[in-house]
Amino acid sequence: MDPAISLLVIVVIVVLVLVVGVLLYNGLVTKRNRVDEAVGQIEVQLKRRHDLVPNLVAAVRDYMGFEQDVLTRVTEARASAVAAGATGAVTRDQIVAENALTGALRSLFAVAENYPALKANENVLALQEQLTTTENQISFARQHYNASVNNYNTTVQTFPSLVIAGPFGFIRREFFDAEPEADAVPAVALR
Amino acid sequence: MATTFYAQASANRRNSFLLVLVVVGLLATLGFLIGFAWSGQAWGGVGWLGIFGLVAIVMAIGSYLAGDRLVLTVSGAREVTEADRPQLVNVVREIALAAGIPAPRVYLIEDSAPNAFATGRDPRHASIAVTTGLLDKLDREELQGVIGHELSHVRNYDIRYALLVGVLVGTIALLADFFLRATFWGGVGRRSDSKGGGGLQALAFALALVLAILAPIFARLVQLAVSRQREYLADASSIELTRNPYGLERALAKVGADRDVLEAANRATQHLYFANPIKKWEERSRGLFSTHPPIAERINRLRELTGEQPLAAGDTAGLTGLE
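First to last, the protein sequences are chains W and L. Going by numbering that gives the first Met the number 0, the first residue of the first sequence is number 0, and it counts up by one from there. Going by numbering that gives the first Met the number 0, the first residue of the second sequence is number 0, and it counts up by one from there.
Read the hints as simulated data drawn from the structure, not as lab findings. Virtual Cβ for every residue (Gly too), placed ideally from N, Cα, C. Hints may contain errors.
Stated by the list, open to error - Straight-line distance between alpha carbons at most 30 Å, and here's what the computed DSS-like set of lysine-lysine pairs gives:
| # | chain 1 | residue 1 | chain 2 | residue 2 |
| --- | --- | --- | --- | --- |
| 1 | W | Lys46 | W | Lys118 |
| 2 | L | Lys136 | L | Lys253 |
| 3 | L | Lys136 | W | Lys118 |
| 4 | W | Lys30 | W | Lys46 |
| 5 | W | Lys118 | L | Lys253 |
What the hints assert, rightly or not - Examples of chain W residues lying across from chain L (beta carbon under 7 Å, computed):
| # | residue |
| --- | --- |
| 6 | Gln127 |
| 7 | Glu128 |
| 8 | Thr132 |
| 9 | Asn135 |
| 10 | Gln136 |
| 11 | Ala140 |
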């Protein structure tokens with residue numbers, strides 16, 4: 000074959016390979032960034048919950064004066080969660096602390112069922128809705144994080160992206176794994 | 000049938016893609032036959048396809064750009080904020096978070112019939128409208144299921160998909176109509192450009208005639224089939240977001256059994272809604288002519304995900320005729 004044509008063919012193939020390589024690299028970067036964004040989303044929701052809790056405790060304190068232990072647990076759990084999250088990184092301690100706060104809040108709402116006046120209070124209802132949606136958003140954010148990690152990991156591990164992933168330092172990320180609740184069942188005082 | 004929402008979603012995507020291929024094939028065949036019948040050349044149809052394709056696209060662009068505003072106005076929807084309806088706006092935000100898309104604008108329609116729809120050409124320009132009836136009659140889990148379904152329409156780019164299919168079907172209709180008019184008003188057959196192959200051309204002409212009559216109807220049926228596949232896909236995608244088939248299933252049962260009629264809906268907008276709002280019309284023409292799958296069937300598919308038994312005949316009676 001004419002050497003000029005051979006050369007042309009080789010050049011075209013090289014260009015194609017480079018283009019495909021670039022596309023795969025960009026795909027990996029996009030997916031990895033989505034994972035990082037998802038982590039940020041979780042942190043945003045956790046922080047929102049930290050901010051809501053003092054308002055809730057203040058609102059119910061007037062009605063639930065006898066339930067000091069429950070209120071105290073909530074306040075302390077919140078403080079621990081804030082401290083555990085202070086570093087900004089997702090750690091096992093933070094997950095455990097946040098789960099403890101979830102448990103404490105559930106106890107609070109379970110006990111609040113005994114106070115009809117409390118349940119009629121508009122302020123408390125609004126706060127309850129805020130907390131419910133925040134809890135939902137935390138779990139949806141974690142779910143989205145897992146979905147993003149799944150997508151990213153699959154891309155890193157399958158051909159052809161796998162060829163690009165290794166040399167350019169794209170590694171697998173860990174799924175969010177909920178630790179067992181610090182408190183198993185909310186204790187409800189029956190009168 | 001499939002037992003994970005991933006498998007169901009894949010099947011729905013594949014089916015809708017194949018259906019679109021069928022429509023494309025139909026359009027190409029019609030174009031080729033007409034072109035060949037008129038000009039005697041294999042590529043004769045390309046020009047006609049181009050012209051009518053362009054017309055159909057122009058008609059569609061208007062709908063694409065202004066469509067969502069128009070639909071919202073026609074339906075009597077007004078925008079709501081978190082202060083008005085905190086639970087609704089919060090649920091929309093929650094699901095948007097799970098979907099990884101920006102939270103769409105939320106609208107409310109004053110009507111006791113429970114229903115919802117979503118419009119928007121892509122996730123960044125999306126709107127969701129629900130009726131006051133839906134908010135009153137559904138609890139939070141069920142609302143999440145419905146919002147998940149609607150947001151999935153946005154996330155799966157179903158509006159664009161429907162537009163694409165609409166353009167194809169529109170082109171077929173325009174081309175067939177033009178051909179039939181030209182044939183019956185402009186004299187039978189036009190063989191002035193024939194370059195020989197008279198017998199073959201006559202055959203092509205006959206086939207083109209038959210196809211021009213049948214194709215628009217067939218294309219419309221395929222369009223409706225695509226619409227039904229995308230509805231199933233939206234259900235499966237909703238489960239992907241909420242991971243809670245029971246919420247959506249209960250919502251479907253409640254909406255299906257409800258007897259209120261949505262006043263703002265009509266034939267032009269019926270395909271957008273969560274469940275087909277035109278109940279009387281649906282009692283007469285079911286199955287192939289419906290934009291939505293039957294509610295009983297949607298519920299059964301969700302039951303497959305959880306391993307429950309499908310609905311018994313007695314249960315479906317309450318949902319028959321309502322899609």
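Which numbered hints fail: 6
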